[in-house]
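These protein sequence lines are chains A and B, in that order.
Here the first sequence stands for residues 184 to 664, numbered as in my numbering.
Here the second sequence stands for residues 8 to 457, numbered as in my numbering.
Hints are computed from structural coordinates only; laboratory data are not their basis.
C-beta: ideal position from N, C-alpha, C; glycine also.
Treat the hints with care, as some may be off.
[What the hints assert, rightly or not] Here are some chain A residues the structure puts well away from chain B; computed CB gaps all over 10 Å:
no.: 1; residue: THR212
no.: 2; residue: LEU240
no.: 3; residue: GLU244
no.: 4; residue: MET249
no.: 5; residue: PHE264
no.: 6; residue: VAL384
no.: 7; residue: LYS504
no.: 8; residue: ILE542
no.: 9; residue: LYS642
[Claimed, not checked] A partial selection of chain A residues facing chain B, derived with a Cβ cut-off under 7 Å:
no.: 10; residue: ALA245
no.: 11; residue: GLU247
no.: 12; residue: LEU578
no.: 13; residue: ASN581
no.: 14; residue: HIS586
no.: 15; residue: THR587
no.: 16; residue: ILE591
no.: 17; residue: LYS596
no.: 18; residue: ALA598
no.: 19; residue: GLN599
no.: 20; residue: GLU601
no.: 21; residue: THR605
no.: 22; residue: THR606
no.: 23; residue: LYS608
no.: 24; residue: GLY610
[Unchecked claim] Here are the simulated lysine-lysine pairs, PhoX-like style, with alpha carbons at most 20 Å apart:
no.: 25; chain 1: B; residue 1: LYS356; chain 2: A; residue 2: LYS608
no.: 26; chain 1: B; residue 1: LYS13; chain 2: B; residue 2: LYS72
no.: 27; chain 1: B; residue 1: LYS371; chain 2: A; residue 2: LYS535
no.: 28; chain 1: B; residue 1: LYS352; chain 2: A; residue 2: LYS550
no.: 29; chain 1: A; residue 1: LYS360; chain 2: A; residue 2: LYS350
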Amino acid sequence: MAYTEEELKKELEQQEYQYGFTTKIESETFPVGLNKDIVRKISEKKNEPKWMTDWRLSAFEAWEKMEEPEWSNVNYKKPKFQDISYYSAPKTKAKYDSLDEVDPELLKTFDKLGISIDEQKKLAGVAVDIVMDSVSVATTFKETLSKKGIIFCSISEAIQEHPDLVKKYLGTVIPKKDNFYSALNSAVFSDGSFCYIPKGVKCPMELSTYFRINQAGTGQFERTLVIADEGSYVSYLEGCTAPSRDENQLHAAVVELIALDDAEIKYSTVQNWYPGNKQGKGGVFNFVTKRGLCHENSKISWTQVETGSAVTWKYPSCILKGNNSVGEFYSIAVTNNYQQADTGTKMIHLGKNTKSTIISKGISAGKSQNSYRGLVRIGNNAENARNFSQCDSLLMGNNCGAHTFPYIEAKNKTAQIEHEATTSKIGEDQIFYCNQRGIDTEKAIALIVNGFSKEVLNKLPMEFAVEAQKLLEISLEGSVG
Amino acid sequence: MSLKEKMVSSFLAFELDTDINTSVHEIRSKSIKDFEKIGFPGKKNEYWKYTPINKVLNDKLTIFKKKRHLIEFDKVKDFFLSGIESYKIVFIDGAYDPLWSNTSHDGVDICILSSIIENKKYENLIKKHYNTIVDKNESFSLLNSSFSKEGAFIHIPKSMELDKPIEIIHINSGGESSLMLQPRNLIILEKNSKAQILESHYSLVGKNDKSPYTYPGFIDPLTNTLTEIHVKENANLDYYKIQNDLETTSLIDNTYINQKRDSEVSCHTFSFGGNIVRNNLNFFQNGQNINSIMKGITILGGNQHTDHHTLVHHANPNCESYQEYKGIYNGNSTGVFNGRVLVDKIAQKINAFQQNNNLLVGDKASVNTKPQLEIFADDVKCSHGCTIGQLDDSAMFYLKTRGISEHEAKGLLTYAFANNVLENVKMQALKNKIKKIIANKIGVNLGFEL
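With the rest of the complex left out, here is chain A (with noise of 0.2 Å):
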């Protein structure tokens, strides 16, 4: 029987979230509400010193005076956030030297997940930081990484043994003002990843965390840094997962770049959320502030899979402050259900001869809302600089929605500017030409969605290509092949 798009709609709509399990572990959750007792709670169950703690309650202070912004295009229950828990961590945890003290229990889930610690450590070679409940339960090749000098470890661990590391850098991309979201985080975050790659150094392997909220009414706010120094490499991944619940859960990281002069930082997300079901409940909030900071000759590449979330708010963003300094956004959003998803990026061209390249293919089905908002300003003293933006979005259906909102501001008269836009639905002669030719509609629809994101999907490093193609393949499944 011919595959018709009608079907593909109704297997979208059916389609499952697969990572959906909750794993019995024992946390430590601490009671509902943020104050500043709260705040002090954390810093003190983190055994921080003295700045970290009066950084957080100074952040949170801000917090208290701002209000939750409303301009994006997206409609949700605004999240109570005195109902919210601020931590929660395993409660085995401890500090682990090898994979055979950590819980089988926790093992298991990271089978369930599809990263198998051991085998990613043997086969793929990539060196691996698990934060489940906003606490870092693992960090894998760490000893490898040292002998470069490379620092790869949780971000609590960074402030209790590079103190001044994080003190230089922790909070100069992303002001702890920045934005509410930002505000919050900076007060409460529990922990994230850590990274710094000393001068001239190339990291040997991909360097990789994996994201999971397990416990029920608990907000995710884990922190990234990474720092490259001068004439550094390093590629970075990130993953998240969470379980099937049917409250919304909150998701507000940050993550910082900062490439030094020469440097260039890789940064790769393939972020699959728990989605809601298909009546739109439950599922994450994922309203995460990324930003990078390119000194001289530097380069920052944002590369981002968005297959999750019931509501997805971010803008990875680069600051290209430096001269010859160059920023990367390559994004493919697809959206299915009730999702809503509210992305797109920044550049921010402030050095001469600065460039910036923006990628981004939407692929919206069933009732879902997907929308690209960015931003390209070239500043008065950006000489020369360039910038290309594509952004293509995909309709599947007739419910639901593709929206761009690209601003462009230049005020330097040597800028070159490019912007183009198409929305289309896949073409009913592009289908016929497959069949022609003895491909399947089924078939047919997979390799026009995969060629629609082969430009984005060959940015990502090769172990999550792979993956992200599954994903894409789960998200809409029926379509790819």
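Assemble chain B onto chain A, guided by the hints.
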């Protein structure tokens, strides 16, 4: 007293001098109440993000004119199209000027709005069309609906192809400081009709000019104009706007166009000057097979600022829209383009195209552009493109190797950049006029005919 309060309290005085027993006056009373609720756009208003309109909203602005000012024809003759016959509706400081006008009631109504509003014969027509498609949440539209009395009224009957183009000319004598003008045009094209209309706004004297009227502290007039256009089944309208004002005067232009099945409207906006010029051009497509075309050329210098906001609401299937705006920015000028295409769920098979190209020439010139798509239907083809750049070096080099001076080469290339918008102008006399203005603006003599 803030300008908002002043406007609201002016309404009582305004009523004394107005026929309040008309349906239009009910709209006025409601509009001023709504305006009182929203006031002027605030600093954080997204819709006004790039245009600092508060700069021209001076507390001293008033809607009341003190007296009539006479103008010599010599000063304004260049404002008219030359070489062709046309209908003319001329307003000086917001008041109708019969001397230079050429109106008609012969099978077609080309006249002034004030006479229609008070005429019982037109009551139904007014009720059916006046203020029916205007945005009730837009401050300046509300303000215009509250205070407007005068403007052009054009009613083209069924199946008539108008023999001559119509010119609507608003002239500001500059004889008075701080005048806020509220002209209002209502244009109705019945089934199968066809017309060409040219609307322009000019000022004779600004605060930088030497004139017997100007004095230190002279505040340039602000024009807040609103045009409502109803285009019925299978009708065809070419609408042209020339905005070539002094560097100190400001203009806010709200245009609402409602199109029925099989109709085609093209609207060309030529913006060559003004302190702050804001265009809100709104198209509503109420039927199938509609085509809406928006084109514009903007050439600015000095500290001028022009803002083009367009909206096309595709509410029905099988329609098209096409937008092409070109901007050339010299000196410290700033340009804004915000194009918005909205496609409803039922509006399948839509073809929407949006393009905005900008040349940044001046050292301090800047451009802010936001081509925006909001799409709820799946079987559509929507695209937008936007570029900001400079003249092509290799093209410049090519021309120079052929013995063309740099200045002239620049002019030729700039002209070529704007030309494909100009190409679509169907009125030869207008084409010549605009060509002359452009040549003047870019400072070269174009030795060829179009």
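Going through the hints against the structure:
1. THR212: Non-interface label stands for A:THR212: nearest chain B Cβ at 39 Å, farther than 10 Å.
2. LEU240: 29 Å, holds
3. GLU244: The claim stands: A:GLU244 keeps its Cβ more than 10 Å from every Cβ of chain B (closest is about 24 Å).
4. MET249: Non-interface label on A:MET249 holds, nearest chain B Cβ at 15 Å vs cutoff 10 Å.
5. PHE264: Non-interface label on A:PHE264 holds, nearest chain B Cβ at 24 Å vs cutoff 10 Å.
6. VAL384: The assertion about A:VAL384 holds, with a minimum of 39 Å to chain B.
7. LYS504: 20 Å, holds
8. ILE542: At about 15 Å from chain B, A:ILE542 clears the 10 Å cut-off, so the statement holds.
9. LYS642: 23 Å, holds
10. ALA245: 20 Å, violated
11. GLU247: Result: violated, 21 Å to nearest chain B Cβ.
12. LEU578: 4 Å, holds
13. ASN581: Nearest chain B Cβ about 5 Å off; hint holds.
14. HIS586: 5 Å, holds
15. THR587: 4 Å, holds
16. ILE591: With a minimum Cβ separation of about 5 Å from chain B (threshold 7 Å), the hint on A:ILE591 holds.
17. LYS596: A:LYS596 check passes; min Cβ-Cβ to chain B is 4 Å, inside 7 Å.
18. ALA598: 6 Å, holds
19. GLN599: Status holds, d = 5 Å.
20. GLU601: With a closest approach of 5 Å, the A:GLU601 hint holds.
21. THR605: 4 Å, holds
22. THR606: 4 Å, holds
23. LYS608: 5 Å, holds
24. GLY610: Hint violated; A:GLY610 Cβ to chain B Cβ min 9 Å, cut 7 Å.
25. B:LYS356 x A:LYS608: Holds, at roughly 11 Å.
26. B:LYS13 x B:LYS72: Holds. B:LYS13 to B:LYS72 sits at ~15 Å (cutoff 20 Å).
27. B:LYS371 x A:LYS535: Since the Cα atoms of B:LYS371 and A:LYS535 sit roughly 16 Å apart, the hinted pair holds (cutoff 20 Å).
28. B:LYS352 x A:LYS550: Holds, at about 12 Å.
29. A:LYS360 x A:LYS350: 16 Å, holds
Hints 10, 11 and 24 from the list above are not met by this structure, while the remaining hints are.
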